[in-house]
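**Student:** These are the residues of each chain, in order.
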Amino acid sequence: MTFKRLMRLYALYAKMDFAWLLRDAWFAVLAIVSEWISNIAAITGVFLLAWRFDGIGGMDKFEVLLMLAYYTVVTGVFQLFFASNNTGHISRRIGHGQFEHMLVQPVPLAVQLLTEGFIPFSGSSKLISGVVIMCIAVAKLGLPVTWWWVLSVAGNVAVTIAIILGQSYLYSSLAFYAPVQAEEISTYAIDNVGYISSFPLSGMPVYMQLPLITVIPSGLLAWFPTLALLGKPPLGLPGALPLLFAVVLAALASILFRKGFRYYVQKGTNRYLAWGHRR
Amino acid sequence: MFKKGPTGTSHGGTAVSAEGVTKIFTQWQRENAGKGVLKNLLKPDKKIITALDHVSFSIDIGEFVAYAGPNGAGKSTTMKILCGMLLPTEGEITVLGMQPHISRIPLMNRIGVLFGNRTELWWDHPVSQSFEWKRVVWDIPDDVYRKNLDIVTELLDIGPLLKTFARELSLGQRMRADLAMLLLHSPELVLLDEPTLGLDVVAKRQMIEFLKKLNRESGVTIVVTSHDMDDLEEMAQRILMIGGGRLAYDGSFEGLRGVTGNLSRLSVTMPDGIALEIPGGRLLSTRNGVYEFEIDLAKHPVREVLYRISQIPDVKDVEIRKAPIEQVIAELYKAWK
Chain B
2 MTFKRLMRLY ALYAKMDFAW LLRDAWFAVL AIVSEWISNI AAITGVFLLA WRFDGIGGMD
62 KFEVLLMLAY YTVVTGVFQL FFASNNTGHI SRRIGHGQFE HMLVQPVPLA VQLLTEGFIP
122 FSGSSKLISG VVIMCIAVAK LGLPVTWWWV LSVAGNVAVT IAIILGQSYL YSSLAFYAPV
182 QAEEISTYAI DNVGYISSFP LSGMPVYMQL PLITVIPSGL LAWFPTLALL GKPPLGLPGA
242 LPLLFAVVLA ALASILFRKG FRYYVQKGTN RYLAWGHRR
Chain F
33 MFKKGPTGTS HGGTAVSAEG VTKIFTQWQR ENAGKGVLKN LLKPDKKIIT ALDHVSFSID
93 IGEFVAYAGP NGAGKSTTMK ILCGMLLPTE GEITVLGMQP HISRIPLMNR IGVLFGNRTE
153 LWWDHPVSQS FEWKRVVWDI PDDVYRKNLD IVTELLDIGP LLKTFARELS LGQRMRADLA
213 MLLLHSPELV LLDEPTLGLD VVAKRQMIEF LKKLNRESGV TIVVTSHDMD DLEEMAQRIL
273 MIGGGRLAYD GSFEGLRGVT GNLSRLSVTM PDGIALEIPG GRLLSTRNGV YEFEIDLAKH
333 PVREVLYRIS QIPDVKDVEI RKAPIEQVIA ELYKAWK
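The listed protein sequences correspond, in order, to chains B and F.
Read in order, the letters of the first sequence correspond to residues 2 to 280 in the numbering used here.
Read in order, the letters of the second sequence correspond to residues 33 to 369 in the numbering used here.
Heads up, a few of these hints could be off.
[What the hints assert, rightly or not] Straight-line distance between alpha carbons at most 20 Å, and here's what the computed EDC-like set of lysine to aspartate or glutamate pairs gives:
hint, chain 1, residue 1, chain 2, residue 2
1, B, K268, F, E124
2, B, K268, F, D77
3, F, K331, F, E309
4, F, K245, F, E220
5, B, K5, F, D171
6, B, K5, F, E164
7, B, K16, F, D156
8, F, K179, F, E249
9, B, K268, F, E122
10, F, K195, B, D25
11, B, K141, B, D18
12, F, K244, F, E220
13, B, K16, F, D171
14, F, K354, F, E220
15, B, K5, F, D174
16, F, K236, F, D260
17, B, K16, F, E164
18, F, K195, B, D18
19, B, K16, F, D174
20, B, K268, F, D85
Because the hints were derived from the structure by calculation, they are not lab data.
Note that the coordinates shown come from a computational prediction; the quantities given were computed from them, not determined experimentally.
Okay, chain B solo, but in the shape it has when bound (with noise of 0.2 Å):
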């Protein structure tokens, strides 16, 4: 698999996105003005607590606006590239017996995966607020904005979707086995996780915090890496801790996953709902 391939393959799933986002423009935009007005409403209400309070738990409102914009970033870039087609929700292929649909393609599995789900003219939205968002955030906080702040920034949302999706495929690994029971556990996986997130973990007692950055990484989906962007890592830890913890959980979703996998060849499934494959 070469570059020049990969490129080809995100091309094509663009064409194919703006191809169906342009069958029913209408509707399409629509969906998108309704989603650009959820995604500022999804991050109000915390930011209104913030104002209200001058700030949650130490973290100075605006600060508390950049962590929101942060976090609609990271759920802006998953769902640009893992929401559809259920790429990132990968326990729902497989319990719905259509992983096998990517078994008669002569594509490795895990470029499959990186590329079925980009949808840059329909799933854009969530990002551009995110960005939009950001800028205010940092404009309001004075930070100077270097290109290795920037960098930092896109360094650190690639990490928190590679705990995302590594959330996803350690619980989606339980699909190979429970194909019924399971198929909806990505889902719970990353939106359980993923509601705690937008809320700051500053000023909650270390016993709270703890766990929140460790056994359910909800700290570690934006308030620990926003955080660390403004130079101030919380409970004195390093920097670097989202990205261990992203590498740890990767392998052991990476083992599972295969084992799982391997299960599924050699059990096969019985289960299979016809509702065009990628469902």
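Once you've looked at the hints, dock chain F against the given chain B.
**Tutor:** Only chain F this time, still in chain B's reference frame:
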């Protein structure tokens, strides 16, 4: 048409080879009431199912082979093993000289797989978009793609379907579109699992004629499964018959008839209450004026049978069809004993 290979029935090279392939599945047994519910939790019963039991066969390049058996006989399991979706519990499989589970990617560039109850088409896109997707994902050279697209569009008459969403196609249309997409990369071997399942007479005929032409003119090796003997006999030159996970017969259809006879089912519709006798026929059932007989047409030529029926007054309808595959297999086992 497509990748030009030698034509005819057998060309020396081996397309598929299976050696002692066994596939065992485990099925959990659940009880619904009483102590059984507790047992489900603590120690559920396990049922071992041998889907394939030391199956061995070889298919030459250019052959058109029917892989037949009743429902649950292991046909789909074999197809899945051949394309690397399942691993055999025991035995060796080689497809175009490759082991499917090891050489999945190069193998998928050279074979085409279609399961009748599944579609490879993109559900929410027009058929032409799925074809375009196939072109990029399979990295099909433009000239090959254009040529193949023209051919399948004409032969499968899918021109009017190209702009239709896959989810809006009828079953017959979907199967034609799926088959067309399957052939765009010029596969050397085509594996079809129940491609005629659920198709009406016209769609079935179109599919069968196309497959025969594909094999005859392009030398594409085709392995097709079905539980419908009539369809298979019309398409293939050789039949592999599987029953209870074991290979019950491997040879020509004529050879099969030599062992089991030409077992057929004869249905005669006429008013109730007439004692109808057909020479050589065994009455199986009478319902609503339909008399169903079992008859071996190898021993009792169809001409004689029809002559006898023509002498009966008030006959409204006559239908002759092949005996169900389960019965043919049962006869095979009986013949061996």
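**Student:** Evaluate each hint against the coordinates.
**Tutor:** Hint-by-hint comparison with the structure:
1. B:K268 - F:E124: Cα-Cα ~17 Å, so holds.
2. B:K268 - F:D77: holds, 17 Å
3. F:K331 - F:E309: Within the cut-off at roughly 16 Å; holds.
4. F:K245 - F:E220: Holds. F:K245 to F:E220 sits at ~14 Å (cutoff 20 Å).
5. B:K5 - F:D171: holds, 12 Å
6. B:K5 - F:E164: It holds: about 18 Å lies between the C-alpha atoms, which stays within 20 Å.
7. B:K16 - F:D156: With Cα atoms ~14 Å apart, B:K16 and F:D156 stay inside 20 Å; holds.
8. F:K179 - F:E249: With a Cα-Cα distance of about 16 Å, the restraint between F:K179 and F:E249 holds, given a limit of 20 Å.
9. B:K268 - F:E122: holds, 13 Å
10. F:K195 - B:D25: holds, 15 Å
11. B:K141 - B:D18: violated, 36 Å
12. F:K244 - F:E220: holds, 15 Å
13. B:K16 - F:D171: holds, 16 Å
14. F:K354 - F:E220: Outside the cut-off at roughly 31 Å; violated.
15. B:K5 - F:D174: holds, 17 Å
16. F:K236 - F:D260: holds, 12 Å
17. B:K16 - F:E164: Holds: B:K16 and F:E164 sit about 10 Å apart, inside 20 Å.
18. F:K195 - B:D18: holds, 16 Å
19. B:K16 - F:D174: holds, 18 Å
20. B:K268 - F:D85: holds, 16 Å
In summary, the structure is inconsistent with hints 11, 14 from the numbered list given earlier, while agreeing with the others.
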